[in-house]
Structure formats: C-alpha cells, structure tokens
Amino acid sequence: MKYVDEFRQPEKAEALFKAIDNLAAPLSDKLARAVHIMEFCGGHTHAIFRFGLEQRLSKSVELIHGPGCPVCVLPMGRVDDCVALAERPEVIFTTFGDAMRVPGSQKSLLQAKADGADIRMVYSPLDALNLAKKNPDREVIFFALGFETTMPSTALTVLQAAEGNISNFSLFCNHITTVPILESLLDSPTFNIDGFVVPGHVSMVVGEKPFATIAERYKKPMVITGFEPLDILQSLHMLLVQLQSGKPCLENQYARVVQKAGNIPGLMAMQKVFELREKFDWRGLGEIDKSGVKITEEYAAFDAERKFAVPNLKVDDPHECQCGEVLKGEIKPWQCKVFGAPCTPQNPLGALMVSSEGACAAYYSFGNTKELLDKRQEARPTK
Amino acid sequence: MKDLIEEYLVGQFAGKSFAPLEDQARIDLSEIIKHDNMQGGKLAFTTDSYVIFPLFFPGGDIGRLAVAGTVNDLSVGGAKPLYLSCSLIIEEGFALDDLRKIVASMHETAREAGVAIVTGDTKVVEKGAADKLFINTAGIGLIPFGVEISAGAAKVGDYIIINGTIGDHGASIVASRQDLALETSMQSDCRPLNHLIQSMLVASSEIHCLRDATRGGVATVLNEFAEASRVGIRLYENALPIQDETRGICEILGLDPLYLANEGKIVAVVAAESAGAILDAMKQQGFDQAAIIGEVIAAESPQVTMKTIFGGEKMIDLLTGDQLPRIC
Amino acid sequence: MCLGIPGQIVEIIDAEKKLGKADVSGVKRVINLACIVDEDNPIQSTIGQWVLIHVGFAMSKIDEQEASRTLQLLNELGEAQREILEMELKQQ
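The listed protein sequences correspond, in order, to chains H, D and X. Just add 1071 to wherever you are in the first sequence, counting from 1, and you've got the numbering used here. Just add 169 to wherever you are in the second sequence, counting from 1, and you've got the numbering used here. Just add 359 to wherever you are in the third sequence, counting from 1, and you've got the numbering used here.
For reference, chain H alone in the conformation it holds in the complex (with noise of 0.2 Å):
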C-alpha cells in the first residue's frame, strides 16, 4: 500500500532504535530519569501498540500516554444523552463504531441496541445525512464525537443538510479541540513531559499555528507526527535532537499530509457551523474552558441538544475508578487499584479500557496482565 508500507519498513527501524537509545541515554542520565515524552493523541497510542514499538526503546526513554482520546475522554453522563436519544423511536441514531462500547452509567449504545433502540453505525456522517434523506418520517442523529480531525467533516455535513433543505437530521455535539487541554497539562505543577508528539490528523486540520505558539510559550519541543511506525520513530529521534541542542520548537514530521496553514476549506466550514462552549466536561479530567464545541445559532436546526431534550446530568466515574489520573499521565495503566481486576476489557469501569486506543486496553493486550498486576504491587504510588 502506497505511503504505508514505505513508513512500516522494520530495517529502517533499527536504525532508528539505535539512533533514540543513543540520544536518549545522555539526556536521561542528565535528568536523572527517563525521558518523558507524551503522545497526545489516541491513534498514536494504538499504533505504538499495534506495532510494539514501545518494547523496543530502553528505559531511557519513557512514553507516557496522553488524553487525546475523544471516546476515552466522554463523560458518562453524554452517553446516557445519547442512549436518551436513541430511545426516542422516532429517532435512528448514527455512530462511528469506537462510541458504541461505552459505558454509560445504565448501558452502553450496544447495549441499548440490543434492548431494541434503533443505534447504526456509520462510516462517515455523510451516510448520516443520506440515511436521513431515505427515511423523511424518521428523526436521524449523529453522534458527532473526535478533536478538530473530524469536525470539517461533520460541518460539511451540516452544510449540506442546509443547502438541501434536511429537516430531519442533526448532530448530538460532542467535538473537543486539543489546545486547551495541552494547556491544561502543561500549567498542571507535576506534569513532566519533556517533548510531544503532536496529533498529525488534528495539525492538517488545524495547521502548525496552534503548536507553535504553545511549543514557544512553554518552551517544550513539539512535533507534528504521522501514524505509521516508522513516523513515530523518526518524531521521538527529532524530538530527543531538540533536547539535546536545548532549542525547543515545533517541527513538522508529517509534512507529505499537513501544510503549514492546515486545510483551509475545512477551517472555514467548522467556522461557520461551530463556536466554543465556555466550559466542557472531560471524563476524569473535569471541565475545561473553552474546549469543546457547539452548533452556531445559524445552524441550531441542526442541533439536536437544542431539538430534542435530554437529561444532562452530570455523572461522576465510579469512585473506584482512576482514569483521570492515567489520562494526565500520573500514574501508569497497571498502578490503577482496578485494572485487570475487575476492569477488563470484558468487564471494563471506564472509558480507558474499552475504546482499542485507551492505554489501559492497550497495555491489557500488550502485556501479560499478570505480570502488569505484580508490578502494580511493587510500583503501587504513594498517595
């Protein structure tokens, strides 16, 4: 597969491995710990799995991984929402499969499908918005869930359904943007990250800007990355270079896809379709200022939190529960009090277990949990 197998050749990785552990081992015994490095989004996560990269690096370098999970990072409370939706039986409600495993504090959209809620998947919310056209006496609602990567997508979408007089479809808002809760992090006193690898899908959207100006302000390196192995790899070595020269800027790994000035057509449809809320919820993470997005007033036929109502309550976690400290990157996966018993991926308490780039199902599957469970015993924080 072109501009895939080219980024997958593993000969061209042990170069890279060696060349990480070589700039890594200087920096680490400087820091007197291992290197931080953070990789914010989710598909970074699930590559770095996929592929093992994570077992290949020396205890020099850490990767510790990031928020940058949009189903992770859904509240209970906005599941219960949309299961509220798709029980309304005038209402077909569309998703992308990563929504539908959730828990929500009474059942997971699966699980409200199998109670007989009318709940489809979707590719892309363009088969939405086709659905809503077939069915002109049923209500179709998306789900419109991920960071700036999908919102051009759902305001096109929008657009559409305008400009074709749609009066049956609209969107249950859940988009988040990445700026915010980077700042978060980065003004939280204990975070200590010492390089990003920057969501490559977001920057296309977005551009280099927003990176930029944070890699100045806090003067970390920052690096825009693609999702391939080999991009990964080649991130960490210019990340450990900026660390090195003590220079820390934002580069841009991933320049065959993103352009300096993002994707002007998709800024400009998201502009005209969405605002910022004052505040949004983040499971485990609590509310953050303007990090999420709503449907503009021009467009508020097509929000269905404005067309339907739904219960909007806010629902705490399960007190057991510590995915906001593993989404913040304070403690590890297995240093959670539950994970691997009880929460599984079978059986899972939070977000972080069953979406397939949450880190806790990522180091489930990765590691044999019974020897994750006795390092929980041994590295267990202090509190």
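It should be emphasised that the hints constitute simulated quantities derived from the structure, not laboratory data. Worth double-checking, as some hints may not be accurate.
To be verified - In silico EDC-like pairs for lysine to aspartate or glutamate, Cα to Cα no more than 16 Å straight-line: (1) K387/X / E398/X; (2) K1089/H / D399/X; (3) K476/D / E1082/H; (4) K1073/H / E261/D; (5) K387/X / D491/D; (6) K1083/H / E423/X; (7) K1089/H / E447/X; (8) K1089/H / E1125/H; (9) K1205/H / D348/D; (10) K1073/H / D413/D; (11) K476/D / E1125/H; (12) K1204/H / D348/D; (13) K387/X / E352/D; (14) K1073/H / D422/X; (15) K1184/H / D1208/H; (16) K1083/H / D397/X; (17) K376/X / E1234/H; (18) K387/X / D348/D; (19) K1399/H / E1358/H; (20) K1073/H / D382/X; (21) K420/X / D397/X; (22) K1083/H / D382/X; (23) K380/X / E352/D; (24) K1073/H / E425/X; (25) K376/X / E1358/H; (26) K1073/H / E423/X; (27) K1361/H / E1346/H; (28) K1378/H / E1368/H; (29) K1331/H / E370/X; (30) K292/D / E317/D; (31) K1089/H / E442/X; (32) K387/X / D413/D; (33) K1089/H / E423/X; (34) K324/D / E464/D; (35) K380/X / E370/X; (36) K1184/H / E464/D; (37) K1089/H / E435/X; (38) K1331/H / E425/X.
Once you've looked at the hints, dock chains D and X against the given chain H.
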C-alpha cells in the same frame, strides 16, 4: 409443504436411494464401515445452524456455507464426511426464487465435497418468527482408527500452518454491507475442505490440532488450542499471508484480520518434521499461499503472542464481542 | 479520531456535489472532495491524486516530494547509524 419438500429438497438431493419415502434415511452400516482401515474407528457426528445475514454474499450464500461448514466440522476431526441432513426454517413470504438458488447451491457444494444430503425437513413459520431463512445441517463421518486430532494435543516445538490468506470471508461480508458503501471484488473463501484434509492426513500422521478458523478468526482458534493444550503460541506477523483487498478493507475500517472469519481456511498444528510435507500437500491441492505462521512454545500459562514486524511482542487475546469498525 | 488512510482518486462521480471515487489497495469508495478543491484546484485536476481519506472525506493531498524527502531523511539516519556502528566496531 409436501410440494416444497418434493420440489426443492428431494428433487435436488435424491441422488441415491436412501428410502426417500420414509421418515428417516436408512444407510447400510457397511457403507460407513468400509471407510475404516481397521476395526476401532469412530463415528463423527456434528450439527450447526446457519442464521447469517446477508443470505447471499460475494463468493457464496447461506446454502453453501451450511454444507461446507458441517463438512469442515467433520473433517477437522480427521473424519471422512459421508452423509448430511438439512433442515430449513423459512419465513413466510420468502422468495421462492432465492430458495431455489440456495438449495441448488447446497446441492452443488455437497457434490463438490462428495457427500450426500440424505434427509431433510422444511418448516414455514409466520412472518417475523424467523429472519428470512435459517438452515441447520447435521453430518456424520468416519474417523479411521489411528487418527487422533484434538485441540489439547499441541506440543512444544510444533509449527502452526494455515492453507492461505486470512480474514477473506469476514472482510468480504463487511465490505458487502450496503451502509459502508465499499466497492470491491473481494470474495468469501467459503468452500469444503475435506479433500484438502484427506491429503494432509495421507502426507503426515503428526497432525496434532486442526480447526477451521470461522467465527473469531485465526486468533480465536489459536487461543482455543493454547488453552486446551496449556501451551504458548507465537505468531510471526511477517509470515501471515493476506490479500491486498482484505488489507485495504482492514486499514479503512480499522479492523484486525486475525479476528475476521474464514470459511475456507484451516489452522493446523503439526510436528515440525511434518511441516514440509503438509505444506506440499496444501500446495498440490491448489492452496499456493499456504504458509507456516508460527510455532508452539513453552509458557507458564496459555497465551497467544505475536512478534510484530518491528520485533516487539504483543498479546493476541480473545476478543470480547465482535470487532467494530473504528475511526480513531 | 485519527484513522486516515492514503488512497488514490480514480474517478469523478459528481462534480457539483464534489464527489469522487478513491481506490485503497483495490477497494473503492465514493468520497467527498470538498476539502481539497477550490478555484486553483478544480475537481477534474484531482484524478490520479493521492489523498488522505478520513470518514469519507479527502482531507489533504499527499505531497509526493515531501514523502520522498521524509524517506530520504530516514535513509540518511540509517547510513549515519551504520557508520557509527562501524567505527565502534573498529575501536574494539
């Protein structure tokens, strides 16, 4: 009802005389025992119901699946499959044309496998009581004396062999879903595998485990072997045979081909010395992408792992629930 | 929400609705081209173009030259590593 049976079922399947006018098929024991080499063989007996949707998919249909599936379930136990029953539960209003096609497909698949469908039943239920068509097939076969294949028989040092590319059936089903709007020439690999397995048994007496990798894919079968045999199994990612289009579908939808169903692929665990002969037997039968994909290793507790193309090792666990396409 | 896959646009389906057909490893799908067409890049010019596809939309053109440059950098790093290794071996 009688017309239905006579026109579609008996008309298609009464190749031989198995007392078609009685309530049961009658088979001379000698017809079964003649397939045993010495005394002491076993009768293999299996049943399965097919409730799939869609009924027609690229490369097959529910009828072909119902015959091939049961033939294969017998064959992976080392049995020569001999006789099948076939039972249809039909929702009222089901298109007779489709029924005709499906039954013809069953007939053709049985002929391909060299088995006889000797008895059957049809029931029509009212609309809503069944989802279009359900098929049950049961089958009997003869496991010759000396053939001992079992999920618990894997030994450390054995090789894992598959007769071709992984995930094709599952990928073709997903791709044929109207709502995903994918255009592909992907076909299911659905077929009877008894002739292949017979030639493997001739090639080697050291086939320890054998199963067709249907629901849950190769990953699920390997987990079953590891669990039953109390061993570890290590796969090698760079050894897995996969078609370009299957790969394309998986990359687009974020699916893992190791968990996608196969209906024409068997996973065999064989003694290392026999691997060459087994591979030859597979290739002679036309399976030119047959490959060794892993090995059995010692492990403290049963597990399946895979060495990735980057040299890392990851667990290949049993999935909870079906794989769902993802965009993240 | 980052799963994007490179594909090649092989056909224009509906110029007004900005729909094209993309090929990913032999699998084809209709995708929306609104994010990659404008006055300077009319829809017909996209045929043959490789794009990054995400949830049914072409989100970006893939720049062949940049791709080559990235791979070139990877190769150079590999060369440099081999030289370092050779030197280390010589010193032993």
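Against the structure, the hints:
no.: 1; hint: K387/X / E398/X; verdict: violated, 27 Å
no.: 2; hint: K1089/H / D399/X; verdict: violated, 44 Å
no.: 3; hint: K476/D / E1082/H; verdict: holds, 15 Å
no.: 4; hint: K1073/H / E261/D; verdict: violated, 50 Å
no.: 5; hint: K387/X / D491/D; verdict: violated, 24 Å
no.: 6; hint: K1083/H / E423/X; verdict: violated, 19 Å
no.: 7; hint: K1089/H / E447/X; verdict: holds, 13 Å
no.: 8; hint: K1089/H / E1125/H; verdict: holds, 13 Å
no.: 9; hint: K1205/H / D348/D; verdict: holds, 12 Å
no.: 10; hint: K1073/H / D413/D; verdict: holds, 12 Å
no.: 11; hint: K476/D / E1125/H; verdict: holds, 13 Å
no.: 12; hint: K1204/H / D348/D; verdict: holds, 14 Å
no.: 13; hint: K387/X / E352/D; verdict: holds, 5 Å
no.: 14; hint: K1073/H / D422/X; verdict: holds, 12 Å
no.: 15; hint: K1184/H / D1208/H; verdict: violated, 20 Å
no.: 16; hint: K1083/H / D397/X; verdict: violated, 38 Å
no.: 17; hint: K376/X / E1234/H; verdict: holds, 11 Å
no.: 18; hint: K387/X / D348/D; verdict: holds, 14 Å
no.: 19; hint: K1399/H / E1358/H; verdict: holds, 14 Å
no.: 20; hint: K1073/H / D382/X; verdict: holds, 11 Å
no.: 21; hint: K420/X / D397/X; verdict: holds, 13 Å
no.: 22; hint: K1083/H / D382/X; verdict: violated, 27 Å
no.: 23; hint: K380/X / E352/D; verdict: holds, 10 Å
no.: 24; hint: K1073/H / E425/X; verdict: holds, 14 Å
no.: 25; hint: K376/X / E1358/H; verdict: violated, 39 Å
no.: 26; hint: K1073/H / E423/X; verdict: holds, 11 Å
no.: 27; hint: K1361/H / E1346/H; verdict: holds, 9 Å
no.: 28; hint: K1378/H / E1368/H; verdict: holds, 13 Å
no.: 29; hint: K1331/H / E370/X; verdict: violated, 28 Å
no.: 30; hint: K292/D / E317/D; verdict: violated, 38 Å
no.: 31; hint: K1089/H / E442/X; verdict: holds, 12 Å
no.: 32; hint: K387/X / D413/D; verdict: holds, 13 Å
no.: 33; hint: K1089/H / E423/X; verdict: violated, 28 Å
no.: 34; hint: K324/D / E464/D; verdict: holds, 10 Å
no.: 35; hint: K380/X / E370/X; verdict: holds, 5 Å
no.: 36; hint: K1184/H / E464/D; verdict: violated, 40 Å
no.: 37; hint: K1089/H / E435/X; verdict: holds, 14 Å
no.: 38; hint: K1331/H / E425/X; verdict: holds, 13 Å
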